Amino acid sequence: MEITLNINGTEKKLNVEPRTLLVQAIRDAGLTGTHIGCDSSSCGVCTVVLDGKTAVKSCTMFAVQAEGHSITTIEGLAQGDKLHPLQQAFHDQHGLQCGYCTPGMIMAAYVLLQHNPNPSEEEIRFGLSGNLCRCTGYQNIVKAVQQAAQMLQQPTGAAADD
Amino acid sequence: MSVQTPNLEPKGIQGLGKPIKRKEDARFIVGKGTYLDDINLPGMLYMALVHSPYAHAKILNIDASEALKIPGVKAVITAKDLAAAGLSWIPTLAGDKQMVLADGKVLYQYQEVAAVFAETRQAAADGAAAVQVEYEPLPVVVDPYKATDPDAPVLREDIKDKMEGAHGPRRHHNHIWNWSVGSKEETEKALAQSEVRIKQHMVYPRSHPAPLEPCGCIGDMNKATGRLTVYMTTQAPHAIRTVLSLVTGIPENNIRVISPDIGGGFGNKVPVYPGYVCAIVGSIVLGAPVKWVETRTENLTTTGFARDFHMDIEIGATKDGKVTAMKVYTLADHGAFDAAADPSKYPAGLFSICTGSYDFQKAYAEVDAVYTNKAPGGVAYRCSFRVTEASYLIERSMDVLAHELKMDPAELRLKNFIRPEQFPYPSALGWTYDSGDYEKTLKVALERIGYYELRKEQAEKRARGELMGIGISTFTEIVGAGPSKDFDILGIKMFDGAEIRVHPSGSAIVRAGTRHQGQGHETTWAQIVSEELGLDVDKIIVEEGDTDTAPYGLGTYASRSTPTAGGAMALAARRIREKAKKIAAHLLEVSENDVEWVDKKFVVKGVPSKSVTMNEVAFAAYTNPPPGLEPGLETTYYYDPPNLTFPHGAYVCVVDIDKGTGEVKVRRFVAIDDCGTIINPMIVEGQVHGGLTEGFAIAFMQEIAFDEQGNHLASNFTDYLLPTALETPRWETGHTVTPSPHHPLGAKGVGESPTVGSPAAFVNAVVDALAHLGVRHIDMPITREKVWRILRQSGIDSF
Amino acid sequence: MKLEYSGQEKVQAEPEKVWRFVQDPHKVASCLPDLKAVEIKDEKNLVATVGVAVGPVRGTFKFNIELDPRPEENKMLVRLRGGGLGSAVDLTASANIIGQDDQTTLLDWSGVANVSGPAATVGGRVLDAQAKRLIETVFANMGQKMAEV
Amino acid sequence: MIPAAFEYKRPMSLEEAIDHLAKHGYDARVLAGGQSLIPAMRYRLAQPGVLVDINKLPNLSYLSEEGGMLRIGALVRDTDVEFNKDIQHRYHLISDVSMVVADPIVRYRGTVVGSLCHNDPSGDWAAAAIAARAQMVIKGKNGTRVEPIDQFLVDSFATSLGEGELAVEVRFPTPNALTSGAYEKIERKVGDYATAAAAVQLELNPDGTIKEAGIGITAVAHMPLRVVEGENLLRGQKPSMELIRAAAEEARKIADPTPDARGSAEYKKDMARVLVGRGLLKALNRLGVAVA
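Residue numbers (our numbering), protein chains in the order written: chain A, 90 to 251; chain B, 130 to 928; chain C, 9 to 157; chain D, 5 to 296.
Please note: incorrect hints may appear among the correct ones.
Unchecked claim - Some chain A residues judged to face chain D by a derived CB distance under 7 Å, without partners named:
#	residue
1	Ser129
2	Gly141
3	Thr143
4	Ala144
5	Ala197
6	Asn205
7	Gly219
Because the hints were derived from the structure by calculation, they are not lab data. Just so you know, these numbers come straight off a predicted model, no measurement behind them. A virtual CB, placed ideally from N, CA and C, is assigned to each residue, including glycine.
Let the hints inform the model, and build the full structure from the sequences given.
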């Protein structure tokens with residue numbers, strides 16, 4: 090069946106089966122930054138943002154269900170060449186190694202900061218506990234989210250270059 | 130106050146010891162990495178596999194007719210079809226052979242039985258579900274101790290009468306090999322004469338590396354050119370190319386292996402798996418590219434497991450705590466085929482590092498390997514070939530001994546460490562340790578955590594009925610395999626290669642035979658070259674993973690990249706510097722003897738104002754080379770390390786125990802590592818965080834378990850437990866630096882130390898918390914229930 | 009995974025009637041819940057296709073069933089092998105057929121099932137209670153139908 | 005892994021949804037959050053012929069207090085509950101549960117009502133609904149019925165929902181100032197099914213005695229259970245350690261768990277006891293009652 094998905098602000102017409110998972114549809118649309126790591130909705134590497142404020146493991150939603158929603162993936166986060174503070178902070182704090190969990194982790198952190206702009210270390214660990222990372226031991230991811238939270242709260246910092 | 134956006138692009142020379150940010154991050158943080166499943170080729174087909182529900186069964190019939198009726202399904206292959214191509218069995222790294230698709234019988238649950246090729250992923254999956262296989266179940270061997278019972282079922286019909294194996298005689302149809310090192314007689318004598326002796330049985334349970342990206346492969350046979358391109362999630366692309374050439378008969382120059390970005394490896398992506406072979410055969414037969422990407426279930430149930438060592442140790446000591454001798458017997462469960470990834474001469478890997486950091490005069494270690502109805506593997510999961518098992522064994526045993534002697538475990542260790550002046554230290558089991566200062570590292574760790582205050586706190590708490598424990602691990606690793614006199618895989622010596630090409634404008638491209646999976650080679654290799662050649666680190670790009678362009682090398686695993694390729698990189702750079710010096714002399718119009726390398730520049734001796742930079746030399750190499758000198762500035766260096774390196778560390782862990790549920794909470798964990806010279810401290814710290822987390826997971830959660838029928842009990846991430854940010858403790862890290870005397874940079878490698886060293890610290894801490902109840906050992910994973918059982922048996926109960 | 013169950017079913021019929029019932033593969037097959045198809049090979053062997061709904065697990069399983077009546081031991085054995093959903097089930101059940109004073113019969117049954125494949129490895133957490141219910145249903149159906157005959 | 009093919013229905017009205025469910029009966033499954041169903045479909049352990057996606061149905065996303073009840077519509081996500089300040093302040097038991105269901109990302113999609121309809125033996129919401137004496141609102145061709153949770157939850161994975169019926173709401177009684185509760189769960193890691201968990205709800209009389217008690221335990225039997233004897237022991241009594249121990253012991257007695265990798269039956273039974281005890285202590289603590 091033909092569906093239209095709004096991914097990163099662009100309407101994409103896709104031909105899918107009802108059983109096509111959202112993650113597969115996103116990847117088939119050429120946006121391969123969203124990854125697949127398990128079949129049990131456990132690892133979170135496929136996490137994308139739905140309607141700006143909520144996240145979903147895109148392996149646990151059918152593509153047809155995403156019609157009428159806006160989807161944001163890792164590719165939609167930077168403003169042109171300017172990295173989103175989370176992307177910048179993951180780089181600055183060595184919050185990634187192999188990079189496979191990174192897109193999902195960043196999207197999970199993105200919605201976490203929407204709901205809690207100034208989280209404590211404990212709250213970050215809690216909020217990211219639906220996303221697995223095998224390389225970093227999470228410690229630098231926590232630091233990265235703290236840095237991003239700070240950057241986002243400093244209008245001068247985030248907006249200065251706009 | 131405003132937060133400055135940190136500078137993304139540090140400028141200039143950034144050599145050793147600088148925490149520069151990683152060059153490879155740029156693509157990953159915007160979702161532009163290229164992992165295997167991100168690659169799509171025109172006309173590509175998809176493959177799905179059919180798996181056995183039984184752990185041991187005869188195959189009576191395979192009926193693919195329903196599958197072939199599904200629109201889009203192109204072909205279904207079984208062992209029979211592979212046999213026609215001579216590929217129904219392939220050699221393993223350990224000198225055994227393994228089935229590609231089940232040939233007449235299945236030997237473990239989820240074993241690959243048939244491969245389905247289709248135009249879409251959906252059709253391939255539907256096809257696999259529609260293949261009907263008829264089985265006749267056979268008795269199952271799950272317990273390795275029962276594998277060699279006289280009446281144990283024959284697992285390997287193919288070699289049941291072949292009593293000479295790749296590593297010597299076999300004594301039973303399910304026995305693989307026996308391996309031993311050291312003098313049994315002298316060790317037993319020393320033990321008999323020891324004033325104190327301890328014996329302990331312990332199991333290092335079966336585990337799995339489970340990188341978040343599963344394994345996968347695209348076979349792409351171009352029938353017009355005869356060239357086979359294979360995209361593969363492999364940590365060792367060159368070795369794979371050689372193996373593929375040997376098994377398929379395709380000349381090696383007609384095979385190109387490309388290992389794209391890898392989403393974590395940890396040893397899982399070293400071996401050749403049946404799925405790879407099927408995808409390649411499929412491409413050859415069908416004339417189209419074929420992609421296969423594992424499901425998580427396939428990853429956990431069929432690809433390389435790790436550990437599964439069942440160990441018995443005996444240690445002798447004097448009454449005042451000086452160790453005298455150790456004797457170890459280990460039963461190794463290798464599953465259905467011996468596919469352990471070890472250097473050829475070492476079927477039990479480097480397990481003989483089991484004397485650890487201690488000055489044992491006598492030691493003996495013996496290992497028997499057996500077949501069971503489980504998936505093959507025995508990969509070095511964030512481990513240098515069984516070092517993890519050895520380190521756990523000795524570090525756990527030292528605590529058992531301390532308990533027996535009623536000695537503080539830190540004091541016992543301090544009393545028995547190999548002393549700095551004893552290096553190079555010949556160990557009782559035949560290794561020559563390069564360097565170390567174990568006492569210093571332990572003292573730094575004890576100081577950092579406040580060890581003696583914690584012991585006081587523990588005594589007070591114990592008096593109040595509260596349970597806390599402190600665990601120490603002071604491990605020594607053996608990494609960087611290895612020197613060609615001892616180390617090869619399938620005959621290929623374990624050197625590694627590096628190539629440097631300096632361009633006229635002072636930028637460079639650097640290639641290595643290793644393949645990173647998150648370790649940061651694109652940054653550290655550039656730092657080494659920047660250090661050695663004085664080039665701007667941002668003008669150095671690093672490439673790995675394409676066998677058409679990279680120099681030969683054995684790949685990235687076993688903490689070998691820095692000890693081998695890192696050494697090659699430094700020596701390649703130095704070779705370039707030698708040539709550059711000639712060009713510099715030409716530019717400075719002095720003789721070569723009057724030029725020296727000072728502060729990353731060529732300077733005329735005694736005339737500091739007269740100098741040229743490497744950039745100037747590079748330009749001259751192409752525009753104005755000295756007469757008679759070959760133009761250009763590039764080289765390739767193959768480094769055969771003279772010895773292994775021996776990183777060490779001291780870890781201290783503090784735990785609190787919940788008396789109601791048995792839950793163990795890690796309160797603090799201090800890790801002091803000594804990996805010799807540090808190239809990038811930020812990356813080293815990141816490696817330590819990750820490795821500690823995997824050690825934590827192994828100690829408390831991760832286990833590949835089976836039931837009596839051979840059902841795999843950890844076939845997905847709801848049953849194979851990887852810790853999240855919430856369970857993972859906060860790590861406190863630090864370093865001492867004892868350079869390796871033989872490595873060109875003094876570096877030793879660090880990627881695996883924390884996984885090797887930490888499990889014993891966790892277990893020691895839990896046992897320490899319960900020691901006053903008479904507890905001496907608990908096998909991993911330490912579940913709440915294991916602790917709860919001890920508590921309730923001791924009459925401890927609480928909400 | 010290995011599952012073991014046992015139970016007793018009181019049948020409102022005499023043992024002779026019960027014996028006639030269990031030696032008729034058609035009748036035995038009729039006791040399987042959600043039977044979709046049955047093929048009787050001979051008087052001791054049948055192939056049955058049944059719908060199985062175990063919690064979220066819903067699918068079709070195909071079983072080869074062998075009936076092994078042993079009147080001399082007052083015992084009936086049933087062996088079942090088959091599968092579905094990529095999984096396999098091997099079950100051996102036995103029932104002691106015990107005549108009672110009041111013209112009724114007691115079926116004293118026990119069964120051991122080995123389940124392999126995803127149904128065990130993924131669905132194992134919830135399989136036990138559900139499988140127990142299934143096997144109890146089979147014997148309850150038997151008790152009921154034996155009385156009806 | 006890829007689910008087997010199915011027919012997809014996306015009704016735009018409740019009537020249309022009920023029509024689909026009535027027509028397809030056994031073959032149809034309701035797709036709400038899908039956080040249990042879709043993974044089961046990926047393993048092909050669930051192969052429903054028809055999926056009726058209710059996510060576009062109007063007016064099912066309400067979370068409101070009305071007539072002494074908190075009404076949670078069928079499309080209210082776990083996070084809607086988790087992030088609701090009012091619930092955090094007044095509905096302690098519900099707030100506790102909302103923070104430990106599955107994992108934080110799954111909670112953005114999973115629904116409270118869907119979880120109750122799934123009635124997994126380890127369901128978190130079912131234990132809370134039992135303890136808080138919730139009610140289900142069910143719509144079908146024959147109109148609407150309201151059913152106490154104890155009648156709604158029939159067996160593991162089974163509810164009183166008939167073919168052609170849809171659960172549209174769950175109602176939790178609004179706690180008064182003398183009511184509090186708690187949810188105590190142990191899991192091997194975030195996202196795992198509970199090893200054992202206990203939900204408790206206590207209402208005190210002004211004199212400090214217990215007016216009403218609700219105790220639900222989960223993951224320790226074929227389905228979530230009410231600890232009736234424990235509730236009976238508590239009712240009318242003044243809280244004491246002895247009383248709490250006795251009530252908690254009742255949970256251990258009725259628990260009948262299946263042993264698995266999470267623990268033996270013996271361990272899970274004891275955890276039912278420990279967690280009920282802890283839950284009671286926490287609820288009392290939240291009511292300002294310190295128990296000696």
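We went through each hint and held it up to the structure:
| no. | hint | result |
| --- | --- | --- |
| 1 | Ser129 | 5 Å, holds |
| 2 | Gly141 | 12 Å, violated |
| 3 | Thr143 | 4 Å, holds |
| 4 | Ala144 | 5 Å, holds |
| 5 | Ala197 | 6 Å, holds |
| 6 | Asn205 | 9 Å, violated |
| 7 | Gly219 | 3 Å, holds |
In summary, the numbered hints that this structure violates are 2, 6.
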